[in-house]
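Colleague: Sequence:
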Amino acid sequence: WGPGAWGPAGEWEERSRETGLPFIVCNRTGREEGIDFRGAESLVIVAGERRLAHRSDQPVVLTLDWDVERRAPRDVTWTTDRL
Numbered sequence: 001w002g003p004g005a006w007g008p009a010g011e012w013e014e015r016s017r018e019t020g021l022p023f024i025v026c027n028r029t030g031r032e033e034g035i036d037f038r039g040a041e042s043l044v045i046v047a048g049e050r051r052l053a054h055r056s057d058q059p060v061v062l063t064l065d066w067d068v069e070r071r072a073p074r075d076v077t078w079t080t081d082r083l
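Numbering (the working numbering), first residue to last: 1 to 83.
In case anyone wonders, no lab produced these hints; they're calculated from the structure.
Think of the CB as a built atom: it goes at the ideal place given N, C-alpha and C, for glycine as much as any other residue.
A few of these clues could be false.
[Said to hold, decoys possible] Estimated spans, in silico, between C-beta atoms of each pair:
id, residue 1, residue 2, range
1, E11, R71, 16 to 24 Å
2, R17, D57, 18 to 26 Å
3, T77, A47, 14 to 22 Å
4, D75, P8, 19 to 27 Å
5, R70, E32, 32 to 40 Å
6, V76, G20, 17 to 25 Å
7, R17, R55, 32 to 40 Å
8, R70, E33, 40 to 48 Å
9, T80, I35, 17 to 25 Å
10, A53, E18, 14 to 22 Å
11, T77, R28, 18 to 26 Å
Model the full structure from these sequences, guided by the hints.
Modeller: Rendered as structure tokens:
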């Protein structure tokens, strides 16, 4: 979801809290013809808490190291590669 009136308002965090599952949001970044994704966030939410968040003015690929047993990121930062 992009930012604005139709963006999420806590639903992602609530679903993570309710289910006990991590919630990973992979949004688009940058600008495209007629659409601006610069304010859209990509997130990792664990137990209802935002652990990682990213916004970008340019298109990027985000990667992270995931701890399967803990169901959480191993680090507090993304690896960011610009396209």
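Colleague: So, for every hint listed, does it hold in this structure?
Modeller: Against the structure, the hints:
1. E11 <-> R71: 16 to 24 Å: holds (20 Å)
2. R17 <-> D57: 18 to 26 Å: violated (31 Å)
3. T77 <-> A47: 14 to 22 Å: holds (19 Å)
4. D75 <-> P8: 19 to 27 Å: holds (24 Å)
5. R70 <-> E32: 32 to 40 Å: holds (36 Å)
6. V76 <-> G20: 17 to 25 Å: holds (21 Å)
7. R17 <-> R55: 32 to 40 Å: violated (23 Å)
8. R70 <-> E33: 40 to 48 Å: holds (41 Å)
9. T80 <-> I35: 17 to 25 Å: This hint holds: roughly 21 Å between Cβ atoms.
10. A53 <-> E18: 14 to 22 Å: Given about 20 Å between the Cβ atoms, the range holds.
11. T77 <-> R28: 18 to 26 Å: holds (20 Å)
Consistency note: the structure conflicts with the earlier hints numbered 2 and 7.
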